[in-house]
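Trainee: Sequence:
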Amino acid sequence: MRLKDKVAVVTGGGRGIGKAIALAMAGEGADVVVLSRTASE
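In terms of the numbering used here, the sequence shown opens at residue 14 and continues consecutively.
Treat the hints with care, as some may be off.
The following label-pair restraints were derived from C-beta to C-beta distances [unchecked claim]: (1) 52 to 15: 16 to 26 Å; (2) 53 to 15: 26 to 36 Å; (3) 15 to 46: 17 to 27 Å; (4) 30 to 53: 14 to 24 Å; (5) 33 to 53: 17 to 27 Å; (6) 15 to 51: 17 to 27 Å.
Treat the hints as calculated values from the structure; they're not laboratory data.
Don't be surprised by glycine CBs; every beta carbon is placed ideally from N, CA and C.
Modelling step: build the complete structure from the supplied sequences, incorporating the hints.
Mentor: Shown next as structure tokens:
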């Protein structure tokens with residue numbers, strides 16, 4: 014999966030599966046926007 018020049022919006026990305034997905038997408042070249050319920054995550 015090559016995501017260069019793509020933007021990914023990941024909800025629930027502060028921990029768990031959402032975090033893993035956000036990191037994987039970033040690793041494939043996407044610009045990632047991560048949303049979480051709390052600022053500390």
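Trainee: Take the hints in turn and mark each one as holding or not.
Mentor: Hints and how they fare:
Hint check: residue 52 to residue 15, Cβ distance near 32 Å, so the stated range 16 to 26 Å is violated. For residue 53 paired with residue 15, a C-beta distance near 32 Å keeps the hint of 26 to 36 Å intact. For the pair residue 15 and residue 46, the supplied restraint of 17 to 27 Å holds, since their beta-carbon distance comes to about 19 Å. Here the CB-CB span from residue 30 to residue 53 is close to 19 Å, well matched to the stated 14 to 24 Å.
For residue 33 paired with residue 53, a C-beta distance near 18 Å keeps the hint of 17 to 27 Å intact. For the pair residue 15 and residue 51, the beta carbons lie near 32 Å from each other, so the given range of 17 to 27 Å is not met.
Checked against the numbered hints listed earlier, the structure breaks hints 1, 6; every other hint is satisfied.
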